[in-house]
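Start from the sequences, fold in the hints, and give me the full structure.
Those protein sequence lines, which keep their order, are chains L and W. According to this note's numbering, the first sequence is numbered sequentially starting from 16. According to this note's numbering, the second sequence is numbered sequentially starting from 43.
If you are wondering where the hints come from, they were derived from the structure by calculation, not from laboratory data. In this text the structure is predicted, and so the values were computed from the model without any measurement. Heads up, the beta-carbon is just placed ideally off N, CA and C, and yes, glycines get one too.
Straight-line Cα separation of at most 16 angstroms, EDC-like style, residue types lysine to aspartate or glutamate; simulated pairs: (1) K57/W to D39/L; (2) K160/L to D125/L; (3) K230/W to D149/W; (4) K162/L to D47/W; (5) K166/L to D47/W; (6) K160/L to D47/W; (7) K57/W to E108/L; (8) K160/L to D44/W; (9) K230/W to E152/W; (10) K77/W to E49/L; (11) K218/W to E84/L; (12) K225/W to D125/L; (13) K160/L to E120/L; (14) K23/L to E59/W; (15) K166/L to E48/W; (16) K162/L to E48/W; (17) K160/L to E48/W; (18) K225/W to E84/L; (19) K230/W to E84/L; (20) K72/W to D19/L; (21) K162/L to D44/W; (22) K72/W to E49/L; (23) K57/W to E134/L; (24) K57/W to D41/L.
Pairwise CB distance ranges (calculated): (25) S127/W to I112/L: 44 to 54 angstroms; (26) F122/W to E161/L: 50 to 60 angstroms; (27) I64/W to E84/L: 23 to 33 angstroms; (28) E139/L to F84/W: 42 to 52 angstroms; (29) Q54/W to F61/L: 17 to 27 angstroms; (30) I64/W to I112/L: 21 to 31 angstroms; (31) E161/L to N160/W: 42 to 52 angstroms; (32) H157/L to T76/W: 40 to 50 angstroms; (33) Y74/W to E161/L: 36 to 46 angstroms.
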Amino acid sequence: MDFDTIYKEFSAKIFRLCLSYLNDTDKAYDLTQETFIAVWQNLHTFKQKSNIGTWVYRIASNKCLRQIETDSRVKKISLPVQIEAADFDNSLEQKHIFLRNCIAELPELDRIVIGLFLEDIPQEKIAEIVGLSHANIRVKIHRIKEKLTQKFRDNGQF
Amino acid sequence: MDSFDEIRNIWQNQKTESLPSITSINNAIKGYQTKRKREIIFLVFLAVVCLLVMIWVMIDYESNLISTRIGESIFILLGFYLLVSKLNLLKKKKQEELLNSTDYLDDLKERSQKEALNESRPIPVIISVIALILYVYEILATSQTLLYTGYIILCILVVLIWFVYGPFMIKRNQSKIQNFLDKIDNIKEQSNEKDK
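See the structure below:
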């Protein structure tokens, strides 16, 4: 698979993964670009044995985790813990914002796990990308799904 | 369709049209490549210039004293060591991105600690001072007063570097990266949380 095809196939998915981690569109664009520069740089080392998607997501996840270095220097303005239902009507864009804010409240690793899961990556592949056991990922996904669904219910987003 | 499928649909329907085109990504890659090449060329250029200057000094300054020659050789070897370690660091940065997240965090932690420690270690500075002590012996040996004064100053310098500068830098670098290391530990703990 050549670089252009990889970019066309994965750029939107990687952007959303970065967005799930950062909850900041501009930073997510930058991180997507950085990810693809790293993909291009390492493409010659890619072995056909593994799945190209898993490989690209692995680079993107590490790029996201690397952000903690910047975060430790820059103070973050925390998002409101609960978002009132009245603040939103049910338009899709507002649902996106609500979902992103809910994900932003999760711990770092959970944000990556759910970002990958929302992109339809199988649990075994997520385990491979994150480096945890399949059982651990299954438990994590179950908990996060419950949390997000509950938040959506509580705030009348369904 | 369960309620989480609805959440998934919301997620996957986010706007991504304004993502950079393949042309702008290729331009960004070219820019990155040029910057990286420039960095390497600058490093190699600097090393070659220093080496040539040192060789020229060695040839021009016809010393018969072994201490001067040893001092000059230490300077050259130290320069090589610093160049090779900097180039290796650039190469390693590329490989670590391919690890899984858990291994990546371990690597990141280990590397940050090592870098902080290496920056604090006064060993290259001490080696430079030793090389300087050997190198200037020939000049200082012309007068005994000059020799004693010169070496007392250099010895004080070594003591200060070893006992004051070194510990100060270790403390400063540790506090600088502590917040970062705590964050890594925190994420590592998240991966250890299992069936609570």
